[in-house]
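Chemist: All chains should be modelled from the sequences, with the hints used to inform the complete structure.
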Amino acid sequence: MNLFQHFQAEVTRQIEALAAEGALPAGLDTSRITVEPPRDTGHGDVTTNAAMVLAKPAGMKPRDIAELLAARLDALPDVTETEVAGPGFINLRLSDDFWHARLADVLAEGTAYGDSGFGKGTGPVNVEYVSANPTGPLHVAHARGAVVGDVLARLLKKAGYDVTTEYYINDAGAQVEILATSAYLRYCQALGEDIGEIPEGMYPGEYLIPVGRAIAEADGAKWREVDEDVWLPHFREFTVARMMVQVKEDLAALGIRQDVFTSEKELVAAGAVDAVYKTLSDRDLIYTGVLEPPKGKPPPEDWEPRPQSLFRATRFGDDVDRPLKKSDGSWTYFANDIANHLDKFRRGFTQMIDIFGADHGGYVKRMKAAVVAVSEGKAELDIKLCQMVHLMKDGEPMRMSKRAGNFVTLRDLIDEVGKDVVRFLMLTRKSDTQMEFDLVKAVEQSRENPVFYVQYAHARCRSVLRSAPDEVPGLDTSAAALADADLGLLADPAELDLMKVMAAWPRTVEQAAEAHEPHRVAIYLNDLASAFHALWNRGNEDASLRFLQANAPEVTRARMALVQATATVIASGLDVLGVTPVEELR
RNA sequence: GGCCCCGUAGCUCAGUCGGAUAGAGCGACAGAUUCCUAAUCUGUAGGUCACAGGUUCAAAUCCUGUCGGGGUCACCA
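Counting in our numbering, the first sequence runs from 78 upward without gaps.
For the record, the hints were derived by calculation from the structure and aren't laboratory data. One or more of the hints may lead you astray.
[As the list claims (entries may be wrong)] Taking lysine to aspartate or glutamate and the EDC-like style, the derived pairs with C-alpha atoms no more than 16 Å apart in a straight line are:
1. 342 x 254
2. 518 x 471
3. 197 x 239
[As the list claims (entries may be wrong)] Restraint-style ranges between C-beta atoms, simulated for each label pair:
4. 436 x 614: 55 to 61 Å
5. 295 x 472: 47 to 53 Å
6. 186 x 343: 39 to 45 Å
7. 96 x 185: 34 to 40 Å
8. 198 x 568: 38 to 44 Å
9. 189 x 571: 23 to 29 Å
10. 660 x 615: 21 to 27 Å
11. 97 x 630: 23 to 29 Å
12. 568 x 104: 39 to 45 Å
13. 186 x 467: 36 to 42 Å
Just so it is clear, CB atoms sit at the ideal spot from N, CA and C, and this is done for glycine as well.
Modeler: Encoded structure:
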């Protein structure tokens, strides 16, 4: 239950009631009214701007409307206090019973707490992420996009959206040709030939050595006796397949398994790009024109003004029209990607989300333009840019060179700090701001490290629950017993504060999902952990606030319900992040 | 030169479809331990929200311009 939505409905209802009585004009637009937590908790639990929003259309003073509305809201059973404040805010305070009922919700729903029907009926959503060239193992630079995409998908699912996760394999361009040629060199090497240095422009990585060896073992020297146009397709396919196996393994190590893998090459082979071209031509969205070289900096050396097939991206908000064919007549990456997005649309996705690296920022407008064009405005594309992550080691920027013994692959990063740490820390910042990732601080057990701080709160909860039967003999901490606890015994302000943070979880899920901002989950968990640690330390100052009270089994039982619920909400949030909650730290 | 992202406390960053007196951690200072442990908590100090206009009852948030940092700019992906 999103309590703010609950009270939003209540506010609307009371406005209608006032209109029915003639105290307010009929037919007021209530869509701009918000009901939300006040920024300052001193202003109560729930606040609404209704009076200020309605003042102008109603032709009344905000405070007069506020007084009318407040009087009615004050009569609601869960509301203990109303106040009209500032320019016309209505602040509500809610009863302890209301918060106890939310605690009971958590106990009843378990980690499903926060699940929402928010996204129901909005149509299927496709989240495409990683989509790295299959020319080598995933790099650290891919980590952020991978985590952001995956957690966004999980978040959307929790909020009730119908979500499919997707990886677009860029296996059609010149890069995979180079990859195949590089693998061929390694194949020759495996046959015992001296290949010398790997030529400039080839992929020199050692990860291709086993690929060459595998082909040599399977086929012997047979590819040495044929022309390039014969061996190239085989090497391309074989190598790309091997690379994708590795990519999937690396992603699996991060806890990521995507639903659909779409091959660019197969799209092209199936004629999808030709079809897009024809569709756009038929609608007069393609013409032949000459692009101007970029201003303000010297044009590329091989620049030649030449007529090319251009998509009228400017009609859909882009800055220039974009080429669809290269000089050799083959499709541009962009043309293929239009086909990719049209394919998604044809598969029923009216909402698409792409996760890009910041270096693809210049590509955003044209892709959005293409999706509008190709779906005739029926599909929507949102693109989340992930800014760079600077790897640090104890405050010092890391040079990424293999020779220096530093690692460069995603797998190495995971091996160094663990998948849970990578996942959590990648989400402690907004995705479109640059961030630092310090390998030393990442595994430090201190307040500075949010992943530790949150895990520590969970571990503390679990520890208390484990030790409860020893401290308070005869105490039953089973789910049934906790569900039956007398929650009315939880009346201390610090206890209520904790319950209020828990009750904010369903709204957090919805808001984060709607904004496509998964980092809000990590921020929320930090807040929740903070409320729990604060309550914990109250027990150090005042022994009567400790969770375990040997002489008061009923109080203890109620507090165990609170502790259990805290662990549950933390686990629910960590589940969205794909992070495993720990039972103990030690 | 065009376009995109960013600019919030000394540092690293939050900031809810525009809401009231802008928050947290680190660092500084003063305190608090029979539960997982001072690995945590409480308090104090610290701000022209880069700058200038505009829209609004209300702007860190939206619009325009300027400055600063980063990214990117046919035929790579």
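Chemist: Can you name, in rising order, the numbers of the hints this structure does not satisfy?
Modeler: 4, 11
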